[in-house]
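2 protein chains.
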Amino acid sequence: MIANQQVFQFVLHLADDSLILGHRLSEWCGHGPTIEQDIALTNLALDLVGQSRLYYQYAAEIEGKGRTEDDLAYLRDVIEFRNHLITELPRGDFAFTVLRQYLWCSFRTEFYQHLLTSSEIKLGELAAKCLKELQYHQRFSITWINRLGLGTKVSHEKMQTALDELWPYTFEFFQPTAAEEKLINASLIPDCRDIRKTWDQSCQSVLREASLVVPQEHWDFQGGKEGMHTEHLGYILAEMQFLQRTYPGLVW
Amino acid sequence: MIANQQVFQFVLHLADDSLILGHRLSEWCGHGPTIEQDIALTNLALDLVGQSRLYYQYAAEIEGKGRTEDDLAYLRDVIEFRNHLITELPRGDFAFTVLRQYLWCSFRTEFYQHLLTSSEIKLGELAAKCLKELQYHQRFSITWINRLGLGTKVSHEKMQTALDELWPYTFEFFQPTAAEEKLINASLIPDCRDIRKTWDQSCQSVLREASLVVPQEHWDFQGGKEGMHTEHLGYILAEMQFLQRTYPGLVW
Numbered sequence: 001m002i003a004n005q006q007v008f009q010f011v012l013h014l015a016d017d018s019l020i021l022g023h024r025l026s027e028w029c030g031h032g033p034t035i036e037q038d039i040a041l042t043n044l045a046l047d048l049v050g051q052s053r054l055y056y057q058y059a060a061e062i063e064g065k066g067r068t069e070d071d072l073a074y075l076r077d078v079i080e081f082r083n084h085l086i087t088e089l090p091r092g093d094f095a096f097t098v099l100r101q102y103l104w105c106s107f108r109t110e111f112y113q114h115l116l117t118s119s120e121i122k123l124g125e126l127a128a129k130c131l132k133e134l135q136y137h138q139r140f141s142i143t144w145i146n147r148l149g150l151g152t153k154v155s156h157e158k159m160q161t162a163l164d165e166l167w168p169y170t171f172e173f174f175q176p177t178a179a180e181e182k183l184i185n186a187s188l189i190p191d192c193r194d195i196r197k198t199w200d201q202s203c204q205s206v207l208r209e210a211s212l213v214v215p216q217e218h219w220d221f222q223g224g225k226e227g228m229h230t231e232h233l234g235y236i237l238a239e240m241q242f243l244q245r246t247y248p249g250l251v252w
Numbered sequence: 001m002i003a004n005q006q007v008f009q010f011v012l013h014l015a016d017d018s019l020i021l022g023h024r025l026s027e028w029c030g031h032g033p034t035i036e037q038d039i040a041l042t043n044l045a046l047d048l049v050g051q052s053r054l055y056y057q058y059a060a061e062i063e064g065k066g067r068t069e070d071d072l073a074y075l076r077d078v079i080e081f082r083n084h085l086i087t088e089l090p091r092g093d094f095a096f097t098v099l100r101q102y103l104w105c106s107f108r109t110e111f112y113q114h115l116l117t118s119s120e121i122k123l124g125e126l127a128a129k130c131l132k133e134l135q136y137h138q139r140f141s142i143t144w145i146n147r148l149g150l151g152t153k154v155s156h157e158k159m160q161t162a163l164d165e166l167w168p169y170t171f172e173f174f175q176p177t178a179a180e181e182k183l184i185n186a187s188l189i190p191d192c193r194d195i196r197k198t199w200d201q202s203c204q205s206v207l208r209e210a211s212l213v214v215p216q217e218h219w220d221f222q223g224g225k226e227g228m229h230t231e232h233l234g235y236i237l238a239e240m241q242f243l244q245r246t247y248p249g250l251v252w
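In order, the protein sequences belong to chains A and B. Those letters in the first sequence? Residues 1 to 252, per our numbering, in order. Those letters in the second sequence? Residues 1 to 252, per our numbering, in order.
Just a few of them, taken from the derived set where beta-carbon distance is under 7 Å, the chain B residues facing chain A: (1) A238; (2) E239; (3) F242; (4) R245; (5) T246.
Below, simulated DSBU-like cross-link-like pairs (lysine-lysine); rule was C-alpha separation at most 35 Å, straight line: (6) B:K182 x B:K122; (7) B:K132 x B:K158; (8) B:K197 x B:K122; (9) B:K122 x B:K132; (10) A:K122 x A:K197; (11) B:K197 x B:K132; (12) B:K158 x A:K158; (13) B:K158 x B:K129; (14) B:K129 x B:K182; (15) B:K153 x A:K153; (16) A:K153 x B:K158; (17) A:K158 x B:K153.
Hint data in this document are derived by calculation from the structure and do not stem from the laboratory. We put the CB at the ideal spot given by N, CA and C, even for glycine.
Isolated chain A, as found in the complex (with noise of 0.2 Å):
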């Protein structure tokens, strides 16, 4: 039998694993390089903390302790996050950031496409809902990786060094938990085991288009999804938390 306790640390991961890429997103807003590209990297940042609104309104209600999603985003500390590591390192420069949304993205629209058959149905439609926009951020991304790696030697070197930092992270996408482990043999959710191989093929594909070359010698990092986390993340609560926890219960 599968503890509730399982699901919903399970859909909190998702859950966080959109607002925190959301927040780093947001922090363009004001910064891109041109008016059409800061506006178009805010608004995957608002898809992403809508989806990531979707998932906390689930938790809440799987948890029925009455905690709100504004509780679950906005008052639990670094410990209890459960987001992939990858989404919390800083912002970085542009290279950086449409290639952290290209590596991020095309293995989640894998993932939720195998959600969409879960015997859980409410996980199958919110993957649905989430597919849409992330196969539209997948391909904002895949252009830019293009423009950038083939663009100028400059351009080129930025996406090379971003795919060197940001390699090592995606082994985490592959990597289930002892409680994901539990839900795989329920057949709840998709082995993310499963799908590194399709995921490896489509990008070593797109990567070698733009002329990127994935590094062969690395460390793999994990433990963001059961709530070891880098020291960036404590700076991202400190500052999207502070008016919850300043002013605890605020409204508008």
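Assemble chain B onto chain A, guided by the hints.
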């Protein structure tokens, strides 16, 4: 008759100045150019945070409403902070850091010298305690202003850039608020306008010796002492107050 409220606000101003500048200095911990300077900056930070405690404790006593030094440091929002704007500006590079330290510190020591004879005995006592440390801070920063101002072309340029940025923020040192005017008229605190000339002379002499030129054209900034701050203060408080906001009443 001088309302306690005005003395309270003035003491808070002294406390906030030291806390916020101390916080900025503390950001160098682990990032100094050499280990000796790293620990030197961290020691200045400790001195200033220590001084802020003396003033917060005194402010809490004046207020007499049961708030503690921790409440005053960690549970007030931006608009209630009374520090000079210069103290909240981002850390900057090493040139910026030592020059800010000098500009602020040379004003503060001059001001405290005059405060020694305040008819509010406690204010004189606290000023005397702080002066000894601040005089050391001043010597420390003058040494670096000379070394960098007269050093290489690059170090000189960095110092001059820092001076151009910082100078407009010194204006605020010499603008009493309406509340301060009342304390001045009651001879409780020195008139900051009166010490401008002495400060200016010694300052210009130190800068000239380091072959630095005070910018002629600039905007003058003010507002910090009345709660009108730059965007930077909010980020400082978000980070600095996270613990007390998140775990109210937390003790070791």
